[in-house]
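K.L.:
Each chain sits in its own coordinate frame; assemble them with the hints.
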Amino acid sequence: MLSNYVPILVLIAIATAFAGGSIVISMLVGPKRFNRAKLDAYECGIEPAPKEAGPRRFPVKFYLIAMLFIVFDIEIIFMYPWAVAFGGLGVFGLVEMVLFVATVFVAYAYIWRRGGLEWD
Amino acid sequence: MSGSVSTVLLAAGSTGADPDLTRFGSDPFWLILIKGVAVFAFLMIMTLFGIVFERKVVARMQVRLGPNRHGPKGWLQSLYDGVKLMLKEDIIPALADKPVFLLAPLVSVIPALIAFAVIPFGPEVSIFGHHTVLQLADLPVGVLYLLSAASLGVYGLILSGWSSGSTYPLLGSLRSAAQIISYEIAMGLAFVAVFMYSGTLSTSGIVESQHDWWYIGLFPSFVIYMISMVGETNRTPFDLPEAEGELVGGFLTEYSSIKFAFFYLAEYVNLVTVSAVMTTLFLGGWQPPPIPGLSGLDHGWVPLIWFILKLLIVMFFFVWLRGTLPRLRYDQFMSFGWKILIPVGLVWVLFIAALRTMRDNNSSGLRPWLIAVAVILGLFVVAEFAFGGRRGEIDEDDDEDDLGPPSLERIPWPPPAETGAANSAASPIVMPAGPRQRQES
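Chains as they are written, first to last, in full-length UniProt numbering: chain P, 1 to 120; chain D, 1 to 441.
Note that these hints are calculated values from the structure, not bench results.
Please note that a few of the clues may not be correct.
To list a few chain D residues with every Cβ distance to chain P over 12 Å, as calculated [said to hold, decoys possible]:
hint: 1; residue: Val-39
hint: 2; residue: Arg-64
hint: 3; residue: Phe-128
hint: 4; residue: His-211
hint: 5; residue: Pro-292
hint: 6; residue: Leu-350
Once the Cα atoms are required to be at most 20 Å apart in a straight line, the calculated PhoX-like pairs of lysine-lysine come out as [claimed, not checked]:
hint: 7; chain 1: D; residue 1: Lys-56; chain 2: D; residue 2: Lys-73
hint: 8; chain 1: D; residue 1: Lys-98; chain 2: P; residue 2: Lys-38
hint: 9; chain 1: P; residue 1: Lys-32; chain 2: D; residue 2: Lys-73
For every residue, glycine included, the Cβ atom is placed at its ideal position computed from N, Cα and C.
Chain D extracted, bound-state conformation (with noise of 0.2 Å):
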């Protein structure tokens, strides 16, 4: 098993080519038109119908039946209350800084918005007799583009809290934007061996490299990335900007009307963005699944279909984790992305590149693979030559968060019983059959 994954690390190697850009920016202005719209249409759908997808697919996973009153089957149920939303008073606090309160909805939508522009739905077709891709844009430095029109949004949600002149906005603004840069570090690093293999930043020529394999299987990149974009997102298990409890509404709470639903919008479009981040990166983008027989289905408009599937995928795996998962501390959230994510992800792409030069280099059979781990280790000497000190400070603290098993001594109340009688009169005759004793025959 091993071997063959280390043969397919291996043999994928820097084949990527610089791709060919020239295809992009030749479309007349009316196909230009067309296809931004396009996009922008897909992201509204996607939007509308993500709130239902999740919340039913959240009440099947609590057995109840979730929304199912407007539309056919309650499909229409975030559509309804969207125009709800427009319809309602808007209202500004009177210690609101209004010019700014007023731009920080617009601050965190229309980046999300314009992130898409750079994602491939799909290779060539033709729409009226003309030659095109079924892609925005791409440039050169696509992915680049893509990271920053996404972390623009920061700026939307840290004005609103800040213009709201009210705490818990503010508060919440802050741990959110604080989440938001910090598992940034960890999804940039995620990319860097993508690149190393597809040798471009360009999205398309990112999903052409992976016609024979998927960079899933970089599997710690797709896993830090996978991580890293739940805290992107604010999203359960990483919802701390929404905790309830502790900061009622965060960011959101003195917005009303359009503008509330602006935020909810921006959420849900970053929500697409980063599953569609994740399928272009990761998952192969619009190619077919490498199987023999699926090969033939990779040009025309069929691959919309399987971008559009691998995406529903993933962002049913985003809704899965809410159905599934708690909310974590603040601090140990901070912690995971600061302590774990980053040393892991800085060594993974060491250790990767240190199997490809060795590659370059024509060692064959385990010398590369040696070596790379020697280099791994190095690194963790030296981490443990840095940290050791620090690191049993931090156990000796959670030893003592630590309680152990559960005995009747620690508990309080009620107080065990004291008269003997109860308990040897209970102990071997109530459970004769008890799975102890049948073991045991």
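In isolation and in its complexed conformation, chain P is listed as follows (with noise of 0.2 Å):
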């Protein structure tokens, strides 16, 4: 069975060869004519604003997004090897997963009415 992962391997191969190849001769033949105007970030032509150095911070609420992803992510994977053994399952399936969305209709509400799905 792990023989049917071979074909991606050489897939993964050859899109590293080609990427990392287009990058080498691009910076081989491009020209390398810098100054100081080129290097500097880009803000719509104006001296760019001065920032400290390492990383960049954002703003919170993009982790609030990031986490709620993961949340519903995981459930709705959950529900795959359900949705796949649904045939077999019965009633029994059924009633297991209207507890599970109703569940996780509970943590949606949460969020909703805390108002985590609010954007401005």
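P.N.:
This is the structure in structure tokens:
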């Protein structure tokens, strides 16, 4: 069964070789005429605002979206094996999934009412 | 009409036996290599073709010519663009995090290219006397592989914006990532109904189980996937990361030369991939349309034509959207994904599940439908209970935005004519044969 993964490795190798090769070729054939203005950050042509070096900080609300995504995505992934095996589960499978989705709905309603799904 | 749909939904059932994956993984290495290069070349050609195709179709929709200089009728335009981009200067901004800045385009383009490995192009054919399937690889978890490879590309976006050392790319990449992961949930939900009918996660198995009816019959799933795949690929009307007026070039702003080209390549390869996923999961893959006369055309190399035809139709749909719809506002877009697509997806899955369970328990006639509807209504009651207060507040907000029909008093300028003479002189005489008069007579 693991031999099914060999073609994927081959495709990864081809894609990596193409991408790496193109970058190397571009580095070799591209012109190199640097000046200071080119290396500045682009801020619509004005002098860029001074920034601290090192990692950039960004608004915390993006973390919130990421966490919501993780919660819901795992719940969706949980539905996949259930959906595949659905034919053999019968009423038990249906009841279990209704209970499961009801729990998801509780979390969902909580997020909604706490304003987690408001964007500006 | 609804009766026939119900018979289809009820009749096609859990027939999806375990697909036979032993046909895969037994190819000799030279064949794997040929197929790998073929998939790669297919993606490249579809990208080069897709960009020109999009530009030409949008141009026709906007009554202009589109690219028509390079190559026959302009079809080599994007090849020229690619070569030209490769010859351009590669600038790394002074504030950029150099290793990550270099890595980000690769992280974006490689997962996009490898996701296509599990897409079935056709059934078994013979290549140089060797029987093989027109599909690079198939796994028992094919769709999971597809989803995971497709979502790896998000790292490329995040890293590119974060490492550029500039404000616009940072904001653009965050917005783009938020958008992609938000719509991924709805996309994942749309697949659940397909798996319930196919009984497998393997892409070749899903195509084979669509022999009698395509899963486009699971219409709500199809629509949810259709919307979320546009959100996934950051395309109009959901192309907020490229909202030039707000974000300049989004995460692409600081990139130049081949790295810039890589992001574009990744975007279009993703476009081809989601179109191929739609073809595979909802439109029957390489199966011919279920019309009696065409049933003989499902073996050998012919199915490849069906596959490419369906792929092109889906891609045309993408371009059509771009030619038609304006861009959404960010909060509208996110609300739509989280507040409409996800609940509708969950409810639809439960509906299908209830329907199928009733059928398996030999309830006939209207009863399964009634019970399924009851389950859904129960969910809505719960939802109403949960969101009732909140929804009222939102409605009030909407009322404030809604200005109602325009009236003369609300328009500040130019001031309405205050001398009644002009009005009275104009009103009945100027339009004697106006539409209203004609209706009355």
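K.L.:
So, for every hint listed, does it hold in this structure?
P.N.:
Status of the hints after comparison with the structure:
1. Val-39: 6 Å, violated
2. Arg-64: 29 Å, holds
3. Phe-128: 17 Å, holds
4. His-211: Holds, because the least Cβ-Cβ distance between His-211 of chain D and chain P comes to about 17 Å, which exceeds 12 Å.
5. Pro-292: 28 Å, holds
6. Leu-350: 6 Å, violated
7. D:Lys-56 - D:Lys-73: OK: Lys-56 of chain D and Lys-73 of chain D at ~10 Å, within 20 Å.
8. D:Lys-98 - P:Lys-38: 15 Å, holds
9. P:Lys-32 - D:Lys-73: With Cα atoms ~34 Å apart, Lys-32 of chain P and Lys-73 of chain D exceed 20 Å; violated.
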